[in-house]
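Construct the complete structure from the given sequences, taking the supplied hints into account.
Heads up: the protein sequence lines correspond to chains B and D, in order.
Taken in order, the first sequence gives residues 1 to 588; the numbers are from the working numbering.
Taken in order, the second sequence gives residues 1 to 192; the numbers are from the working numbering.
Treat the hints with care, since some could be wrong.
In silico lysine-lysine, BS3-like type, Cα no more than 25 Å apart, as pairs [claimed, not checked]:
#1 LYS60(D) to LYS224(B)
#2 LYS113(D) to LYS534(B)
#3 LYS23(D) to LYS3(B)
#4 LYS6(D) to LYS3(B)
#5 LYS226(B) to LYS264(B)
#6 LYS23(D) to LYS157(D)
#7 LYS291(B) to LYS208(B)
#8 LYS408(B) to LYS481(B)
#9 LYS2(B) to LYS171(D)
#10 LYS433(B) to LYS481(B)
#11 LYS302(B) to LYS274(B)
#12 LYS224(B) to LYS274(B)
#13 LYS526(B) to LYS145(D)
#14 LYS2(B) to LYS6(D)
#15 LYS522(B) to LYS23(D)
#16 LYS497(B) to LYS542(B)
#17 LYS264(B) to LYS208(B)
#18 LYS433(B) to LYS472(B)
#19 LYS274(B) to LYS291(B)
#20 LYS3(B) to LYS32(D)
#21 LYS113(D) to LYS544(B)
#22 LYS580(B) to LYS356(B)
#23 LYS2(B) to LYS60(D)
#24 LYS60(D) to LYS226(B)
#25 LYS60(D) to LYS3(B)
Hints listed in this document are in silico derivations from the structure and should not be mistaken for laboratory results.
From a predicted model like this one, the values you see are computed outputs, not experimental measurements.
So the chains spell out like this:
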Amino acid sequence: MKKLLTGNEAIARGAWEAGLHVAAAYPGTPSTEILENMSQYKDVYSEWSTNEKVALEVAAGASIAGARALAAMKHVGLNVAADPLFTLAYTGVNGGLVIVTADDPGLFSSQNEQDNRYYASHAKIAMLEPSDSQECLDYVKEAFSISEEFDTPVLFRVTTRICHSKTLVETGEKKEVAVRPYAKDSSKYVMAPASAKKRKFILDARIKRMKEFSETTPLNRVEKGKNSEIGIVTSGISYHHAKEIFGDDVSYLRLGFTWPLPEKKIRDFAASVKTLYVIEENEPYLEDFIKMIGVDCIGRDKLPWIDELTPETVQRSLCPESAAPQGYSVDVEVPPRPPVLCAGCTHRGFFYEVGKYKDVVVTGDIGCYTLGMVPPLSVTDTVICMGASVSGGVGFQKAVEKAKRNEKVFAAIGDSTFFHSGITGLIDAVVNKSPIVVNILDNRITAMTGHQENPGTGMTLMGEKTHQVDLKALCIACGVKEENIRLIDPYMLDETKEAIKTGYEANEPFVIITTAPCALIKDVIKARANMKCKVDQDKCVKCKLCMRSGCPALNFRGGSVYIDRASCNGCTICLQICPKQAISREDA
Amino acid sequence: MTNDTKSILLVGVGGQGTILASKILSEGLARKGYDVKMSEIHGMSQRGGSVTTHVRYGTKVASPVVPEGGADVLVAFEKIEAVRWLQYLKPGGSLVVNNFEIYSLPVLTGAAKYPGDVIEKLKAEVPNIKVFCASEIAEELGNVKAQNIVLLGALVKAMGLENLDWKSVLKELVPAQLYELNEKAFEVGLAQ
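Okay, structure coming up:
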C-alpha cells in the first residue's frame, strides 16, 4: 500500500533503499527532517556535522573511500559548502555522492531566496529536481546511479513545498550495496594545480556524456496534450502548479534532470507547439538557457521572480481572463502575528538588559535569537548569515574606531551557530584586537530548527553519548583572557546586568556565555511545569515595565497586567523587572 | 483531467494541533483510496506564528497548494486567523471557526488591537458558517489539547466524509492513553 510521506521522509527512504552508507548534514529549514529520518535507519551512519562545509566534506571523504554518501542542507548552507563543491566536480567520486539542497522560495524561514540551481551549472555537476515525494524517492536512487556512472557529485534540488508536502509514495526494498574498494590515485583525488588542470579536461568530457544522457533519460520527458497550441517547460513543484491551471489539454516538457539541460529535446518540444511557456519559481534558470539556444518563450516577463510560485500566480500571470473566483473578505483590521521569543525563553534577559544601552550596537545571527529584533525588545541591528554577528561585529567596531564614534558592539550568537562559524570570528577579534563583546546564548541545543544535537549537547544524532565541547575552554584557547569571560545564568538579571556592564567597559575582546537549556526541551517543560508567576493586582501600578521584556505570557487586558498560566514557566524575568514587587512565584 | 479535487485549509497558531489534525485527515482520505496531498508551512510556528496546512484530495491532485478562493472548507483554529485567510474560501464554501482568541505579542503589549466583532462580521459575510468553541468543549472533556480533534470532527461533517473509518486512523495516530478522550472529541465535533 502507498504511504503518505513528506519529500524529506521520501529522500531519506530512497537513499536508504539505494544502499546509502554515510549521511551528514547541518540542520536548516526546510531540510532538517532528511537526516532526522535517516537516523532511524540504523544501518546508515548519520551525523549532525558542525556546519554544512563539514557535512559535505564528511560525505565526500566517505565517497572517495568507496561509500555511497549523502550531504543535506538548506540553500544558504550550500554557500558554506561551496568550497568543496566546486573542487569535487573535478575529483569526481568513488561511491555515489548526492548533495541535497533545500531551497526556500517565499522565504518562509530564511534570510534570502537564492535559487541554487545555478550551483549545478556553475560547479558543472549533474542536477536532479523531483516534483513530489514519489519522485524524491525514485530520483534519489537515480542520483546515486548517475553519480557513479558519470563519476560526478549530483546536486539534488528540492524546495520547501516539496520537503514539507506529504504525497503518496510506493516504497521499495533496500538494495545492499558494498562499499567499493579504494585505490590511491593522487591524479584524481589530490587537486594540486597540475593534477586539477588535467582533471578539468576529464570534467569537460564528462559534461559531453551527461549532455547526451540528458537528451535520452526519461527523467526529462514530454507529456503530450490534446492540442498543440501551448507547450510548457517546467521542473520541480512548478509542474504541479502549471498542471493545476492548464490541466491535460496542453503539452508539458517535464525536466527532472536539469543540468546539463537537453538542448535538442527542448528545441523539438518548442517546434511542436505554437506558444511556449516556461513555468518556474524564482530565477529564470530554464528560461535563460532556452533563450540562449535561440528558442522563443514566455516566462519571466509575465511570471514574478519574487516569492513562492502558486497556482494563482500562474493563473493571474498567464491566463488572467480565467482568473479564479474571488473569495470572501470582511472589514476587520487583522493584527499581525509575528513569531516571538517564547515565554520563558533563556535569551530574553540578555536582550532586555543590553537594550538599555543606547550606544550599543547588537550584531545578531541566525537562530531563535534573531527574534531579538522584534518589538518591544527591538534590540538587534544586523542579521546577515551564520557567524556574521562576530566577524561583522569586528568590522563594525573597526569602522566606529576610524570614525571616532563610541558605539559598543555586542555580538549575539547561539551555541550551535557559534560552533558552526562563530569561532573563526572570535579568533579574528582576538588576533586583531577588537574589543567587542561576544555573547554566546547557549541553550544546549539547536533550537530554531526543532532541537537537534550540537557539539555542546553531549549526544550524537544516532543517540549515543559523546563529548561536550567546553565553550569557555574553547574561548580561552582562541585567546580570550579568562578574566574577560563571564559564565552566567541568563534567568538571573543581576548577573546578566553585571556581565554586560563589565563587557561594555572592557577594552579587550570579552565573552559572555549564558547557559541554560531551551525552555521548549521536553525535560525542561516537565521540570518547570508547576513553576508559574502571578501578578498581585493590589501592588501593580500598571507601569507595564515588565511588558518591555516582550514575554508572550504577559498580557494587558482591561487596564491590568495578567500572566497566562498555561504559557508561563516561572522564569521570573518579569518578577525581577517589576519595580514594585508586584509579581511573585506561585510556588514560592 | 477530471478535476474533482477538493481543498481544505486548516489555519491556526503554533501549538494548537493543526498539523496532527491534518495528518489524521490526510491518512483517512488516503486509506479511502483518494489521491491526497498535504502541505504545511510551520517555519517559526513554535515561536507563536501562524500555521497553515493545505489538504487536497480527489482522483488525481495536481498542486499541493490550495489556491485563493479555492478552499471548499476553511477551518480556523483561532478566530482572527479565519479573517486572515478568508480570501482562500471558495464562494459557497464552508467556514468552521473555533470561537477562541489567542493574542499575538503586538496585541498583548497594546501595539495592536484585537478586533471585537469578528464573528458577527464573518456571519454577515459567509452564509455557510459554523462557529463554536472547540477549546471549551475539549476542556470539558478533560484536555484543551483535544480541540483539534473536535474541529476535525466538524470538518469531516462539513465535507460529508462521515462514512470513512476515522476511528482506526485516530487509534493509530494519537497516543493510546488519549484515544478515548479524542474519540469523544471527534464525536462531539461531528455533532456540531
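Here is what the structure says about each hint:
Distance restraint check for LYS60(D) and LYS224(B): the Cα-Cα separation of roughly 18 Å lies within the 25 Å cut-off, and the hinted pair is therefore satisfied. The straight-line distance between the Cα atoms of LYS113(D) and LYS534(B) is roughly 24 Å, inside the 25 Å bound, and the hint therefore holds. Of the supplied pair hints, the one linking LYS23(D) and LYS3(B) holds, its CA atoms being roughly 12 Å apart against a limit of 25 Å. Taking the CA atoms of LYS6(D) and LYS3(B), the gap is near 20 Å; set against the 25 Å cutoff, the hint holds.
Between the alpha carbons of LYS226(B) and LYS264(B) the distance comes to roughly 22 Å, so the proposed pair stays at or under 25 Å and holds. The straight-line distance between the Cα atoms of LYS23(D) and LYS157(D) is roughly 17 Å, inside the 25 Å bound, and the hint therefore holds. With a C-alpha separation of about 21 Å, the suggested pairing of LYS291(B) with LYS208(B) holds against the 25 Å cut-off. Of the supplied pair hints, the one linking LYS408(B) and LYS481(B) holds, its CA atoms being roughly 19 Å apart against a limit of 25 Å.
Distance hint between LYS2(B) and LYS171(D) is fulfilled; the C-alpha atoms sit about 19 Å from each other, no more than 25 Å. A C-alpha spacing of about 12 Å is found between LYS433(B) and LYS481(B), which places the hinted pair at or below 25 Å, so the restraint holds. Restraint check for LYS302(B) and LYS274(B): satisfied, since their Cα atoms lie roughly 17 Å apart, inside the 25 Å limit. The suggested pairing of LYS224(B) with LYS274(B) holds, with an alpha-carbon distance near 13 Å, which does not exceed 25 Å.
Our distance criterion of 25 Å between C-alpha atoms is met by LYS526(B) and LYS145(D), whose separation comes to about 17 Å. Our distance criterion of 25 Å between C-alpha atoms is met by LYS2(B) and LYS6(D), whose separation comes to about 20 Å. Straight-line distance between C-alpha atoms of LYS522(B) and LYS23(D) comes to about 22 Å, which keeps the hinted pair within the 25 Å bound. Distance hint between LYS497(B) and LYS542(B) is fulfilled; the C-alpha atoms sit about 24 Å from each other, no more than 25 Å.
Our distance criterion of 25 Å between C-alpha atoms is met by LYS264(B) and LYS208(B), whose separation comes to about 14 Å. Among the hinted pairs, LYS433(B) with LYS472(B) is consistent with the structure: their alpha-carbon atoms are about 19 Å apart, no more than 25 Å. Proximity of LYS274(B) to LYS291(B) is assessed by CA-CA distance (about 16 Å); at most 25 Å being required, the pair is judged to hold. The suggested pairing of LYS3(B) with LYS32(D) holds, with an alpha-carbon distance near 13 Å, which does not exceed 25 Å.
For the hint pairing LYS113(D) with LYS544(B), the CA-to-CA distance comes to about 17 Å; that is within 25 Å, so the pair holds. A hinted pair counts as satisfied when its Cα atoms are at most 25 Å apart, and LYS580(B) with LYS356(B) qualifies at roughly 19 Å. For a cut-off of 25 Å, the pair hint linking LYS2(B) to LYS60(D) stands: about 14 Å separates their Cα positions. Taken as a hint, the LYS60(D) and LYS226(B) pair is honoured in the structure, with Cα atoms around 18 Å apart against an allowance of 25 Å.
With a C-alpha separation of about 16 Å, the suggested pair LYS60(D) and LYS3(B) falls inside the 25 Å cut-off, and the hint holds.
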